[in-house]
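S.K.: Next come the chains, spelled out residue by residue.
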Amino acid sequence: MSISTTDPTGISIEKRMRRHAQFDRLLRLVIPVLTLLSAVAMWEFLVWYHEVPHYLIPAPSRIAATLITDWWSLMGSMWFTVKLTLMSLALAIIGGVALGTVFAMSRVVEISLFPFAVILQVTPVVAIAPLILIYVPNTFYALLICAWIMAFFPILSSTAIGLRSADHNLRDMFTMYRASPWQRLRYLLIPSALPYFMAALKIAGGLALIGAVVAEFVAGTAGQNTGLASRILESSFRSEIPRMFAALFLVSVLGIIIFLITSWLSKAVLGHWHESEIKRER
Amino acid sequence: MKSTNFLCRGSTRNLHGDDMNTENNSGVEAPIQIEMSGVDKVFGNGTIAVRGLNLTVQQGEFVSFLGPSGCGKSTALKMISGLLSHSAGEITVNGHPPGQSQDIGYVFQEATLMPWATVFDNVYLPLRLKGVSRPDAQVDVEAALASVGLSKFNDSYPRELSGGMKMRVSIARAMVTKPKLLLMDEPFAALDEMTRSRLNNDVMALWKKRDLTVIFVTHSVFESVYLSSRVVVMAARPGRVVNEIAQHDNYPRTEQYRTTAAYAENCRVVSQALEETMDHVDINH
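Chains A and B are the protein sequences, given in the same order.
For the first sequence, the numbering used here assigns the number 378 to the last residue and increments by one with no breaks.
For the second sequence, the numbering used here assigns the number 301 to the last residue and increments by one with no breaks.
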């Protein structure tokens with residue numbers, strides 16, 4: 097007796113499953129986009145209906161128009177914020193991974209230095225920023241340090257925990273086969289730490305952006321070579337509310353792009369083996 | 017009595033007074049591969065895991081460590097492999113202190129595979145750690161996978177395999193360096209009866225084919241009798257050898273052997289010896 101893979105409608109079960117999966121993927125994209133568009137449309141309608149003045153709440157269409165008229169000025173500021181965010185994130189990754197590895201290898205170093213890392217993490221960056229701005233003469237470097245402080249700790253702590261989370265039996269096996277410290281790090285500890293690192297990277301990406309924006313607010317910098325936070329501050333002083341919203345929109349877009357990139361990276365690195373990224377059949 | 021000898025080592029009681037058979041399954045006096053004498057293991061918290069352990073294993077033997085939980089079976093195995101140090105006594109493996117012999121394969125209770133690596137890369141690992149390049153290792157890795165019936169799964173990831181298949185990969189990994197001594201720590205405890213039975217036969221076939229010495233830790237009387245040339249019965253608190261029961265029934269042992277009267281009788285004898293370990297519990301530990 098053979099088992100039929102065709103249902104009563106004549107379509108093969110495999111084909112139906114494939115169609116179902118495609119529909120599911122489409123739905124996941126369409127539903128949030130439609131919800132967002134509905135919210136924007138509602139916002140536009142309410143502003144128009146109640147005749148709300150643009151210096152209180154501008155309509156989305158007005159924000160879009162400001163984005164177009166101030167495009168090059170806002171893009172220059174966005175590039176500054178992108179540069180600051182990515183550089184602080186890169187430094188956080190380098191410093192966090194390096195120190196996290198040292199922490200994982202040496203308990204003494206961890207016990208000695210961990211309190212400093214915790215102090216850096218728990219002290220609000222807005223409270224430290226004025227001091228950094230005094231001690232560091234170059235504003236860009238001062239902002240970079242502030243953003244770095246925000247992004248550094250999650251990377252450090254997750255790397256240290258991840259490197260220690262390797263399966264104890266696998267550790268024993270590496271000991272039995274007399275693996276060198278480098279082999280142990282390369283073939284066991286780094287892959288074991290990857291899920292922790294990728295989770296930290298998602299958090300640190302957002303924090304680096306927050307750090308960059310907050311630091312600039314505290315610095316209160318002005319002029320050409322400044323970021324989106326300065327545009328927001330500047331617009332608030334001049335009561336240019338649509339411009340404020342436009343700059344705010346760009347900060348959100350930047351945050352979303354960072355989140356999407358780190359999520360994609362996590363999927364690319366862990367998708368073929370780690371539980372957090374594997375899609376299960378239902 | 018059927019073809020089963022009793023010898024009590026590490027204690028003063030000899031249940032039946034027979035001499036231990038010192039020949040391996042080929043009937044020839046074999047060199048000693050593992051010697052443990054007066055071995056103690058005391059953990060940092062004061063727990064005496066093993067006390068006064070005396071054991072000799074000859075080349076080509078299939079020895080099972082059988083006993084209740086906490087009797088030090090796995091501890092003894094780890095001390096032989098060099099993964100755990102011993103607190104007192106002496107252990108030699110192939111004439112060397114434990115941990116110095118590279119001729120050992122170890123199979124853990126769980127498959128213990130690297131989930132990020134393919135089946136091929138998991139099996140290749142011991143050779144990679146020895147500095148063997150991938151092209152040079154190709155033949156050995158494929159042969160090891162073929163010996164456990166997983167030739168077509170080179171590129172699969174562990175998550176795509178069943179429990180039994182994962183354990184086969186684990187065995188292939190232990191065998192890829194062509195060790196002379198295979199240590200297995202309750203490898204099939206988590207598997208269903210059918211898979212367990214098949215893997216029992218596979219391990220036995222590998223043992224014969226590769227002329228291995230196997231030390232097999234198990235909770236199962238049936239498994240130990242089916243596989244072993246000698247069952248070492250251990251008691252808990254503190255862990256020690258209280259009985260060694262030679263299994264003289266001929267190899268190869270097939271599934272039919274499980275239905276024979278001899279097998280049933282051997283299981284009964286080993287079960288009784290296991291029950292008697294309760295009499296050996298020292299409540300002061």
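It is worth saying that the hints were derived from the structure and are not from the lab.
Each residue gets a CB set at the ideal place from its N, CA and C atoms; glycine is no exception.
Check before you lean on any hint, since a few could be wrong.
[To be verified] Restraint-style ranges between C-beta atoms, simulated for each label pair:
1) B:Ala-205 with A:Ser-202: 35 to 41 Å
2) B:Pro-113 with A:Phe-210: 55 to 61 Å
3) B:Pro-47 with A:Pro-277: 32 to 38 Å
4) A:Ser-372 with B:Ser-103: 27 to 33 Å
5) A:Ala-137 with B:Ala-206: 54 to 60 Å
6) B:Glu-281 with A:His-116: 47 to 53 Å
7) A:Ile-353 with B:Ser-167: 42 to 48 Å
8) B:Thr-63 with A:Arg-260: 20 to 26 Å
9) B:Pro-131 with A:Ile-299: 19 to 25 Å
10) A:Lys-363 with B:Arg-214: 34 to 40 Å
S.K.: Assuming the hint says 27 to 33 Å, is it satisfied by the Cβ distance from Ser-372 (chain A) to Ser-103 (chain B) or not?
M.R.: At 42 Å between Cβs, range violated.
S.K.: Starting from the hint 42 to 48 Å, judge whether the C-beta atoms of Ile-353 (chain A) and Ser-167 (chain B) obey it.
M.R.: holds, 46 Å
S.K.: When you take the CB atoms of Ala-137 (chain A) and Ala-206 (chain B), is the distance between them in 54 to 60 Å?
M.R.: At roughly 57 Å between Cβ atoms, Ala-206 (chain B) and Ala-137 (chain A) fall inside 54 to 60 Å, so the hint holds.
S.K.: Do Pro-47 (chain B) and Pro-277 (chain A) keep their Cβ atoms within the hinted range of 32 to 38 Å?
M.R.: holds, 36 Å
S.K.: Measuring from beta carbon to beta carbon, are Thr-63 (chain B) and Arg-260 (chain A) in 20 to 26 Å?
M.R.: Since the Cβ atoms of Thr-63 (chain B) and Arg-260 (chain A) sit about 24 Å apart, the hinted range of 20 to 26 Å holds.
S.K.: Against the range 47 to 53 Å, how does the distance between the Cβ atoms of Glu-281 (chain B) and His-116 (chain A) compare: consistent or not?
M.R.: violated, 59 Å
S.K.: Regarding Ala-205 (chain B) and Ser-202 (chain A), is the given constraint of 35 to 41 Å on their beta-carbon distance met?
M.R.: holds, 37 Å
S.K.: Can the suggested window of 19 to 25 Å be confirmed for the beta-carbon pair Pro-131 (chain B) and Ile-299 (chain A)?
M.R.: Once the Cβ atoms are compared, 23 Å apart, the range 19 to 25 Å for Ile-299 (chain A) and Pro-131 (chain B) holds.
S.K.: Return holds or violated for the Cβ distance of Lys-363 (chain A) and Arg-214 (chain B) against the range 34 to 40 Å.
M.R.: For Lys-363 (chain A) and Arg-214 (chain B) the Cβ distance comes to about 37 Å; the hint holds.
S.K.: Is the hinted range of 55 to 61 Å satisfied by the C-beta distance from Pro-113 (chain B) to Phe-210 (chain A)?
M.R.: violated, 38 Å
Comparing the model with each numbered hint stated earlier shows that hints 2, 4 and 6 do not hold.
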